[in-house]
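Hey, can you work out the whole structure from these sequences and the hints?
Residue numbers (this note's numbering): 6 to 186.
None of these hints come from the bench; they were simulated from the model.
Incorrect hints may appear among the rest.
[Claimed, not checked] What follows is a set of in silico ranges between Cβ atoms, one per label pair, in the way DEER data are often shown:
1. S87 <-> A180: 42 to 50 Å
2. S76 <-> F143: 28 to 36 Å
3. F21 <-> G175: 35 to 43 Å
4. G168 <-> L121: 20 to 28 Å
5. S141 <-> W28: 19 to 27 Å
6. L160 <-> A17: 18 to 26 Å
7. R123 <-> L66: 16 to 24 Å
Note that the Cβ used here is the ideal one computed from N, Cα and C, for glycine as well.
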Amino acid sequence: MRLALQIVVAVALGFFLMSPLGWFFEIMNWPTFHSWGLMHGGSFSTWPTLALISFVLLSLLPWFRRILDASLLATGALIGLSITGVLLVTEPSGGNPVPVYLLAMTFGCSAVLCYLARRPWLVALAVALPMIFFDSQFLMMPWDAVLGYLSFNVLSVTVPITGSAFLGMGAAYAAHRAVRP
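Below, the structure written as structure tokens:
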């Protein structure tokens with residue numbers, strides 16, 4: 006019962022947190038997740054990510070079920086959401102590769118967070134999930150458009166970002182092995 010309540014509260018909080026996020030992006034004059042962007046497709050990645058962050062942070066309250074690495078998971082999801090926001094602005098066109106600084110930022114953040122986590126694979130997944138959530142909106146298009154989007158954008162953008170997050174996890178595993186005798 007507590008878990009079901011935690012899920013319902015997290016989904017509701019995720020929905021209601023989109024409005025302050027949109028206002029913040031408008032005040033800062035940042036693109037992608039401002040109010041207009043949230044109404045036109047940005048909510049596909051924002052709402053599930055904010056619900057995930059809410060679910061994880063609710064576990065810090067004593068009444069709800071405790072989750073290991075709650076703060077690291079929330080931080081990873083926020084980093085993934087910011088990378089998604091930056092990437093959608095500088096999104097490559099014509100099949101150009103992802104900017105190297107975004108891959109390096111994803112790798113570095115994932116490596117540090119995974120090094121500190123007890124379950125590194127969950128943290129790496131939390132970093133990659135906002136980008137995967139963003140791509141899920143295109144599954145509602147006609148099949149030909151979905152195949153075109155998968156071959157154009159998912160292979161050139163989402164796979165490298167997700168791979169970079171999981172390579173960061175691998176680097177964290179290697180660092181753990183090097184530190185342990």
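Problem set entry | Violated constraints from the hint list, given by number and in increasing order | 1, 6
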